[in-house]
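Enquirer: Chain residues, written in single-letter form:
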Amino acid sequence: DTGVSQNPRHKITKRGQNVTFRCDPISEHNRLYWYRQTLGQGPEFLTYFQNEAQLEKSRLLSDRFSAERPKGSFSTLEIQRTEQGDSAMYLCASSGRDRGNTGELFFGEGSRLTVL
Amino acid sequence: ELKVEQNPLFLSMQEGKNYTIYCNYSTTSDRLYWYRQDPGKSLESLFVLLSNGAVKQEGRLMASLDTKARLSTLHITAAVHDLSATYFCAVGALIQGAQKLVFGQGTRLTINP
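Same order as they appear, the protein sequences are chains A and B.
In this text, residue positions in the first sequence follow my numbering: the first is 619, and each later residue adds one.
In this text, residue positions in the second sequence follow my numbering: the first is 2, and each later residue adds one.
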């Protein structure tokens, strides 16, 4: 399968614990995005990488959140000292240079976080 | 700040009927995307609309874009149960050479036999 891969798919944790999610984008894509989606809402942008550089961060990304893409391939999103409000689906997407310059994003299956 | 609004948010319709989902956005953009999401699943790309007047069709779904009115529509023709899902529109905002997608709230579509 050559789509965007995320793991773990589900994570249940206690408040105050740290969690880390991994995203493997489509291999030829140099752009990687993290979004957060809560129940009944549309996805909200968190952060964007071009290759290994983190070029944009949403104000939704508090100090407890950190994202990395060390070699310009896979990315990790870490949440420290989790709070119940962090419960959500965390979606990763990637995009690359396409002939039509569409900017189309391809999403992974998501990592669902439940904070008890 | 770019805002994207969809309506209706919930839509229950019978098989065989036609309906339209509307997507309005607040600032200029020439890129509009439609995605489908099934419960517990990720987002599947349906259409990418890149210019004013763009129209794309796939099966029973047709999407159009009017950049002057800042409006896109997703029209469903002769609905069938398999089209039950949540549909999102998203507007592209240019950031650092890429498109950041700003999503609407979604329209939850239920098609009844």
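Think of the hints as simulated: they come from the structure by calculation, not from any bench.
Glycine included, every Cβ here is placed at the ideal spot set by N, Cα and C.
The reader is advised that the hints may include incorrect statements.
Computed cross-link-like contacts, DSBU-like style, restricted to lysine-lysine with a CA-CA straight-line distance of at most 30 angstroms [claimed, not checked]:
| no. | chain 1 | residue 1 | chain 2 | residue 2 |
| --- | --- | --- | --- | --- |
| 1 | B | K4 | A | K675 |
| 2 | B | K4 | B | K57 |
| 3 | A | K632 | B | K42 |
Facing chain B, according to a computed beta carbon distance under 8 angstroms, are these residues of chain A, among others [claimed, not checked]:
| no. | residue |
| --- | --- |
| 4 | G660 |
| 5 | F683 |
| 6 | E701 |
| 7 | D704 |
| 8 | L709 |
| 9 | S713 |
| 10 | F725 |
Enquirer: All the hints need checking, so say for each whether the structure fits it.
Expert: Results for each hint:
The hinted pair formed by K4(B) and K675(A) meets the criterion: a straight-line CA distance of about 18 angstroms does not exceed 30 angstroms. Annotation: proposed proximity of K4(B) to K57(B) holds, straight-line Cα distance about 23 angstroms (limit 30 angstroms). Our distance criterion of 30 angstroms between C-alpha atoms is met by K632(A) and K42(B), whose separation comes to about 24 angstroms. The closest approach between the C-beta of G660(A) and any C-beta of chain B is roughly 3 angstroms, which is under the 8 angstroms cut-off, so the hint is satisfied.
Using the Cβ-Cβ criterion of 8 angstroms, the hint placing F683(A) at the interface with chain B is not satisfied: the shortest such distance is roughly 17 angstroms. A cut of 8 angstroms between beta carbons decides the hint on E701(A): the least distance to chain B is about 23 angstroms, and the hint is violated. Hint status for D704(A) relative to chain B: violated, with the closest Cβ pair at about 19 angstroms, above 8 angstroms. Annotation: interface hint on L709(A) holds; nearest CB of chain B at approximately 7 angstroms, less than 8 angstroms.
A least Cβ separation of about 7 angstroms between S713(A) and chain B falls short of the 8 angstroms threshold, and the interface hint therefore holds. A cut of 8 angstroms between beta carbons decides the hint on F725(A): the least distance to chain B is about 4 angstroms, and the hint holds.
Comparing the model with each earlier hint shows violations of hints 5, 6, 7; every other hint is respected.
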